[in-house]
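Since the structure of chain A is already known, use the hints to place chain B on it.
2 protein chains.
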Amino acid sequence: MEFTAQILDVLTDSVYGARIKIEDGVFKEIEPIKVEKDTKLDIEGLLVPGFIDAHIHIESSMLTPAQFARMAVMHGTTSVVCDPHEIANVCGIEGIDFMMENASKVPFNFYFAAPSCVPATPFETSGAILDSNDVEFLLKKDEIVALAEMMNFPGVINGDEEVLRKLELARKYNKPIDGHAPLISGKELDKYVEQYVFTDHECSSFTEAVVKKWKGVKIMVRDGSSAKNMEAIFDLSERKKFFENQNGFGLVPSEIMQRRIHSPIFDFIVSDDKHPDDLIKGHLNSSIKKAVDMGVDIIEAIKLVTLNPASHYNLKTGAIVRGAKADFVVVDNLVDFNIQKTYVGGQCVFDGENILFDAPQVSELNSINATKKTSKDFEINYDGDECEVNVIECYNGELITSKASANLKVEDGVVKADLDNDILKISVVERYGKNNIANAFIKGFGLKKGAIASSVAHDSHNIIVVGCDEELMARAVNKIIDNKGGFVIVDDESCESLSLPIAGLMSNEDAFEVSEKLTVLHKSAKKLGCELDSPFMTMAFMALLVIPSLKISDMGLFDGDSFEFIDVIKN
Amino acid sequence: MEFTAQILDVLTDSVYGARIKIEDGVFKEIEPIKVEKDTKLDIEGLLVPGFIDAHIHIESSMLTPAQFARMAVMHGTTSVVCDPHEIANVCGIEGIDFMMENASKVPFNFYFAAPSCVPATPFETSGAILDSNDVEFLLKKDEIVALAEMMNFPGVINGDEEVLRKLELARKYNKPIDGHAPLISGKELDKYVEQYVFTDHECSSFTEAVVKKWKGVKIMVRDGSSAKNMEAIFDLSERKKFFENQNGFGLVPSEIMQRRIHSPIFDFIVSDDKHPDDLIKGHLNSSIKKAVDMGVDIIEAIKLVTLNPASHYNLKTGAIVRGAKADFVVVDNLVDFNIQKTYVGGQCVFDGENILFDAPQVSELNSINATKKTSKDFEINYDGDECEVNVIECYNGELITSKASANLKVEDGVVKADLDNDILKISVVERYGKNNIANAFIKGFGLKKGAIASSVAHDSHNIIVVGCDEELMARAVNKIIDNKGGFVIVDDESCESLSLPIAGLMSNEDAFEVSEKLTVLHKSAKKLGCELDSPFMTMAFMALLVIPSLKISDMGLFDGDSFEFIDVIKN
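If you read the sequences in order, they're chains A and B. Under my numbering, the first residue of the first sequence carries the number -19, and numbering increases by one thereafter. Under my numbering, the first residue of the second sequence carries the number -19, and numbering increases by one thereafter.
Chain A with its partners taken away, still in its complex shape (with noise of 0.2 Å):
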């Protein structure tokens, strides 16, 4: 393949007109043309390197990898650094072989992260757990290029074992260090730099982020469907406030200081979690668009998700420069920045209006072995007319949820929810044979009837439930096991769902089909009196542990300001 076209060098930004021969996937030869203003070249607009998404887990965007390249192409993705941690948590080595082999199928970069935190605490059961062996294992493999965030940032600074022998075993490989220490700073964060922990992108302001860059932490600004740090990083009063400060009283004349105001100063831009439905509207094209808003230089926004991730990963991509994969964009301009075309190792992957590929069918990956219930199994019994509970209080978008309580009444030895108070029921239920089940009370769904249930649980991914009564519940959760996974709602007329069979986490189906059912899923939930946003997101977070400060596991209602598990019912 040969051609000539402009390409933006992002070595010396710069823009220059070259012919360029692509051979295996490589390019083989950029040589430099003069090109005049009416000079016709065989592809017209602007060659860019193809985006990397950095750090992202495929599994939140329910979609199998395949498919979730098919919609990463449309917004000129053409890599990810991905971190299989949700399926590992869910089928261990055997859900990271599934993503590599259907990853594999598809003209699509995927370069694999080790997880490094599986089962994420001991107060949960999950459907595997990945010892130092396992991480060495996966370590040796070529497509692993990472240790995937350390999570367990209490066990480095406290020195466990398991955890340090994880460490040492990505530094003895080569392989750089993801991190993920949300709010930490000081010694603490000295501690778990000193461990060769060279990423965070858990920053959630512009101050956090500086100090820990500071401390030498290349800092991944998240523009996902979760967690969305951008607004608060890229600031532009920030940035102007924190150069025109930066000059030492005088020390550094305040023109070169001024001068930066356009720089991003942080490194890569990634999303950590893509629901299908932000998925299919766009990817790093708007963060990089976004930054651009907010007064980031855009070549300079463009090396975040192209040049940095490359060189920080030792990917031979990034950069349209001779013995590179051959990944690039065709855009329109740097202004209006709309993709045009995409380019996977020299295949056209997007044309602007197809995309070139399919993803292939792949059979089920059932994960669920769990019996049936009966409501019986969700109720709450205490004897007495009436008790007083503790109540997870959750808020719309957030994980962080507060300790409530309320007292609620016994019906046939059963505590029964309050909807007038908006007191709901919510269990979780093992689903790797266990069937351990944990009930409990929330605060904040506002169901007025129903329940809804999900296989979607952060970490473990157990069956979680919310619920107007055990029945429903009951209902609600066979349904899930039925489907092999996925979302329902339930009430006394309906039973809506979205069936997500492989590994109860991703759909066979494609972004498009999976983001109508979801939206059909959320309007079933406002129906029924739902007053969140995105309530199977905030449901998913309630089982996630590491997070204050009430929430609830397999094992039980979980405390998580003094890290242990409490009784539903007050003595």
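Honestly, I wouldn't trust all of these hints.
One copy or two, either will do: identical chains are not told apart, so a pair holds if it fits within one copy or between any two.
Under the rule of at most 30 Å between Cα atoms (straight-line distance), these lysine-lysine pairs were calculated in the DSSO-like manner [stated by the list, open to error]:
#, residue 1, residue 2
1, 121, 221
2, 497, 155
3, 507, 389
4, 550, 321
5, 8, 221
6, 221, 269
These are calculated hints, taken from the structure and not from any lab test. Nothing here was measured: the structure is a model prediction, and the numbers come from that model.
Frame of chain A; chain B shown alone:
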């Protein structure tokens, strides 16, 4: 060691006050502190990372590594990546060991590159040969951070087996490969870069540098004693023109390109060669100032000698950041940029007035194994009254020569120099035990009497001598042998010399003493009629066969265009 100060952070381009704790030579804690205009800090001024010269041959300073370090720290240099190519040509591994051993005695970071081309060509006698096994022996060492400049680019391009093996070994041991490819472009450059040769310090024009960078080569801008390329490469008008023309005819808004005028575009500043009389005046500190005078942003210029080389060669220095070696410089501010103090590994090595460490006295490393010469050894015989000869024509400050010719008188069967027409004798005397002598003629030195000789002659460093008659040439060479190397000027009355008894390349004295003696020699040469600014340097390059057009080795007169020996006397 614990103190407060303001630091320049090259990761965020910011200046901030911090409490800094250094332990075991490493930044242990750097905690931001609030600084007001009148806050009293322990260290005034601004801390910037210590400078790194990413490519230098220490031998060119005529100083031992330890003596070099004493000068360098005065100018804020705390690290070098040095290629002991000269001493390797003279003494092989033993010479490299000497350099490492001597370097280890002082508080300064000497990183070494393994010489890749010893000898430089098969057309000369060197003191040693480093084959791929020797290179592997070196690459295994921790002190070796790279494979040094691969000067044999024809060998790379033509796939010479030994050359490819050396490159392969560098990849095996994960050490970057330095390049040396003057004026190479197009497919030849592609082939060179294909072998993972990723730096080049031979660019002599802005365009050459840009074209190489478009190929993915990192550019070392050279600001040394022999080669001064910075003026061409950082030329402000070139940079303006470049960014004005690089907007793809409107694909990129012109303000985005205009904003880049202060960008250095390229990657490193290096000195390559630094003579003692230059070194006492300045090093990378002067280069930074010079770059700033040419419109380069000072913080970006600082990165060229700190962050960039450190990350390229994986050195744990180059930024004032927790975990890095505590190498830093105190400057007054970023305008005057005066070096006030220098610290290496947390130790103050220069306090603004005094260098705070000594260089160890070293025993001589005699490398001269040549018998004493008589005038007869330098005779060129011819049977006749007159003959036509090939003449090397040299130019002030240039490495290249041209091919001239002259008609010379023959007296008693000996072809004589012609002082009126500046046709002098030049000879190369093998000094490693073989006792070859090659005699020829040279134009351009302008000596009216006497002879000058040197044991510094690239790259094999045999004894080279230029003189008005054979008798004086023999005296000059014999004095070199007595001195175990160095520079000598003789005439009928006097004999001046600078001894370089360490491998015939380096002195045991300090930079000031060596410079002073060099100044005396330069004056003496002028008195004898020599018109060259740096006669010993010009002479040293007359034996560098790889630079055209006519050169001389101990094996004879060498035509650098046809790459073969030619006769002195024309037929």
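The hints, checked one at a time:
no.	hint	result
1	121 <-> 221	neither (45 Å within a copy, 47 Å between copies)
2	497 <-> 155	neither (39 Å within a copy, 53 Å between copies)
3	507 <-> 389	within (26 Å within a copy, 113 Å between copies)
4	550 <-> 321	neither (61 Å within a copy, 66 Å between copies)
5	8 <-> 221	between (45 Å within a copy, 29 Å between copies)
6	221 <-> 269	both (22 Å within a copy, 28 Å between copies)
Checked against the numbered hints given earlier, the structure breaks hints 1, 2, 4 and satisfies all the rest.
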